[in-house]
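There are 2 protein chains.
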Amino acid sequence: MSSVKTPYGRSKSYPTPEDEVEVAVIKISGNIIDDEVKLAAFLEKFAKIHGRKIMVHGGGKLATKMAEQLNIPQQMIDGRRITDAETLRIVTMVYAGYINKNIVAQLHKHKCNAFGLSGADGDAVWANKREKGAIDYGFAGDVEAVNRDLFITLLNAGLTPVVAPITHDGEGQLLNTNADTIAQELARTLSYGYDGYKVTLVYGFEKKGVLLNVEDENSVLPVLTAAHYEQLKEEKKIFAGMIPKLDNAFAAIDSGVKKVIIGQAEELPALLSGDSGTTIIHE
Amino acid sequence: MSSVKTPYGRSKSYPTPEDEVEVAVIKISGNIIDDEVKLAAFLEKFAKIHGRKIMVHGGGKLATKMAEQLNIPQQMIDGRRITDAETLRIVTMVYAGYINKNIVAQLHKHKCNAFGLSGADGDAVWANKREKGAIDYGFAGDVEAVNRDLFITLLNAGLTPVVAPITHDGEGQLLNTNADTIAQELARTLSYGYDGYKVTLVYGFEKKGVLLNVEDENSVLPVLTAAHYEQLKEEKKIFAGMIPKLDNAFAAIDSGVKKVIIGQAEELPALLSGDSGTTIIHE
Numbered sequence: 003m004s005s006v007k008t009p010y011g012r013s014k015s016y017p018t019p020e021d022e023v024e025v026a027v028i029k030i031s032g033n034i035i036d037d038e039v040k041l042a043a044f045l046e047k048f049a050k051i052h053g054r055k056i057m058v059h060g061g062g063k064l065a066t067k068m069a070e071q072l073n074i075p076q077q078m079i080d081g082r083r084i085t086d087a088e089t090l091r092i093v094t095m096v097y098a099g100y101i102n103k104n105i106v107a108q109l110h111k112h113k114c115n116a117f118g119l120s121g122a123d124g125d126a127v128w129a130n131k132r133e134k135g136a137i138d139y140g141f142a143g144d145v146e147a148v149n150r151d152l153f154i155t156l157l158n159a160g161l162t163p164v165v166a167p168i169t170h171d172g173e174g175q176l177l178n179t180n181a182d183t184i185a186q187e188l189a190r191t192l193s194y195g196y197d198g199y200k201v202t203l204v205y206g207f208e209k210k211g212v213l214l215n216v217e218d219e220n221s222v223l224p225v226l227t228a229a230h231y232e233q234l235k236e237e238k239k240i241f242a243g244m245i246p247k248l249d250n251a252f253a254a255i256d257s258g259v260k261k262v263i264i265g266q267a268e269e270l271p272a273l274l275s276g277d278s279g280t281t282i283i284h285e
Numbered sequence: 003m004s005s006v007k008t009p010y011g012r013s014k015s016y017p018t019p020e021d022e023v024e025v026a027v028i029k030i031s032g033n034i035i036d037d038e039v040k041l042a043a044f045l046e047k048f049a050k051i052h053g054r055k056i057m058v059h060g061g062g063k064l065a066t067k068m069a070e071q072l073n074i075p076q077q078m079i080d081g082r083r084i085t086d087a088e089t090l091r092i093v094t095m096v097y098a099g100y101i102n103k104n105i106v107a108q109l110h111k112h113k114c115n116a117f118g119l120s121g122a123d124g125d126a127v128w129a130n131k132r133e134k135g136a137i138d139y140g141f142a143g144d145v146e147a148v149n150r151d152l153f154i155t156l157l158n159a160g161l162t163p164v165v166a167p168i169t170h171d172g173e174g175q176l177l178n179t180n181a182d183t184i185a186q187e188l189a190r191t192l193s194y195g196y197d198g199y200k201v202t203l204v205y206g207f208e209k210k211g212v213l214l215n216v217e218d219e220n221s222v223l224p225v226l227t228a229a230h231y232e233q234l235k236e237e238k239k240i241f242a243g244m245i246p247k248l249d250n251a252f253a254a255i256d257s258g259v260k261k262v263i264i265g266q267a268e269e270l271p272a273l274l275s276g277d278s279g280t281t282i283i284h285e
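Top line first, the protein sequences correspond to chains A and B.
Take the position in the first sequence, starting the count at 1, then add 2; the result is the number in the numbering used here.
Take the position in the second sequence, starting the count at 1, then add 2; the result is the number in the numbering used here.
One chain only, chain A, in its complex shape (with noise of 0.2 Å):
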């Protein structure tokens, strides 16, 4: 904080770069959150994060088996899930309510005030219906705005949002939305501004990081620019699944984002060291 001086002899603040506010905000996806054992594991770790967070996760196979047990067929086109108006009834019941209460109750035993919503709560997440394209994805959403005031909101009252991937139209339609956007547009709205937070983007997921080569998991890179990102495609070193993901990631850090990391949300405190994972740059 810097102080100047007013002619009425009291000092008025201007923030500088050391004022600005940290936080981390955490997508985890459907491999731990599948792994009781691994969840709890990552939750207390996460729940040891000093300073603010946010906890962004996906939906994992539990949902798939509900449809299964109901005799509702799923329909899946490149890994995503086409959302028919049953299917948005499981996803919203297992994302919003299971995974996420169960999540929160944990957080709370390890003394980490943790608060779960959807998108819908407090419009927190505002998205749009997919349109019919080539395919009909559904149910599906595709983030429009997030509410920067209810998180700094929740954030000031000392509460950690835990996200689930379900967003709404805000007329009245909840649409099932992907996790790793609703992450990104989250830190990017975060960042936003002259008072905007330091934020720090942790996408957890199978791998240690982005592997040179796919198969072998001791391939991480430590970092990943721009320019290699570019090049590792055209080399078709980096598949399918994954360029979704680092798209987000450096849509997130052009857009103001801090820093972005990429590696296994187990290794938490070590992905946020910069010990472990691939960490995003821009240059």
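Bear in mind the hints are in silico, worked out from the structure with no lab data behind them.
There may be inaccurate statements among the hints.
Pairs count within a copy or across copies, as identical chains cannot be separated in the list.
[As the list claims (entries may be wrong)] Once the Cα atoms are required to be at most 20 Å apart in a straight line, the calculated DMTMM-like pairs of lysine to aspartate or glutamate come out as:
1) Lys113 / Asp171
2) Lys111 / Glu146
3) Lys63 / Glu88
4) Lys111 / Asp144
5) Lys113 / Glu146
6) Lys247 / Glu217
7) Lys50 / Glu24
8) Lys239 / Asp86
Note that the structure is a prediction, hence the values are computed from the model and not measured.
On the provided structure of chain A, position chain B as indicated by the hints.
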């Protein structure tokens, strides 16, 4: 607000009865949640209530239906569900997921800034697992405390809390909890203290109010006093299901809640204006 001049020339303010913040706590039960058309009409009316408001919702038949489809046998004793581990999973999904998020999304359509939560979120409602007595209710919770500060933070942020009847024990365990009791404890907690809110608590259920003759929908008592209630119980004119609800209602009045009304949620504006339902008064 009454003002007093202090020696420093600045006035100091003390709250007076006119300053009391008003809040309406509205509990709705299964009969309205299960009926899509009735629910939609109710939510439109709820959204129009001026000022601060909170909704507490019960469960409805969807959980029972889901349990049937998933072949999980349900046991009910005296109208209370026995919550085994599988059933807890279902009620968490259905109450805190499907029902809660659909209500929230619909309220936003009507420009009500709804925010859904369970008792685990932000430690909103802390409960103890009911001890095994003659009956083992399983993962059923008895409310220990409602987090007054959290609800006031949400209300002050312009949000309308929508509470699902799932609580937690602070040790990672979710618990299925009676929504009438949550509503009562919430109303009581908000009323408490010299800066307590002026709370109106509405119990919406399937009847038009407390009936003098259960067969006659037109025998609604406009007012019920504690003495009259005792008399009606002795005369066996008030039965099983009504007794815990009325006990909750009188407990609320006895602990400082300003107004308690029981009636049909569909008639919400008339309930609040005193033109419908039964008003519970102590004397």
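Against the structure, the hints come out as follows:
Only between protomers do Lys113 and Asp171 lie at most 20 Å apart by alpha-carbon distance; the minimum there is 12 Å, versus 34 Å within a single protomer. In the homo-oligomer, the alpha carbons of Lys111 and Glu146 lie at most 20 Å apart only across protomers (16 Å), although the nearest pairing inside one protomer, at 34 Å, exceeds that limit. Taking CA atoms no more than 20 Å apart as the test, Lys63 paired with Glu88 passes in both settings, with 16 Å inside one copy and 17 Å between copies. When the C-alpha separation of Lys111 and Asp144 is checked against a cutoff of 20 Å, the pair qualifies only between copies, where the shortest distance is 18 Å, while the shortest distance within a copy is 34 Å.
With identical chains, the CA atoms of Lys113 and Glu146 are at most 20 Å apart between copies only, with a shortest distance of 18 Å across copies and 33 Å within one. For the homomeric pair Lys247 and Glu217, the shortest alpha-carbon distance inside one copy (19 Å) is at most 20 Å, but the shortest distance between copies (62 Å) is not. Taking the closest pair of Cα atoms, Lys50 and Glu24 come within 20 Å of each other only inside a single copy of the chain (15 Å); across copies the shortest separation is 39 Å, beyond that limit. In this assembly of identical chains, the alpha carbons of Lys239 and Asp86 never lie at most 20 Å apart, being 34 Å within a copy and 49 Å across copies at closest.
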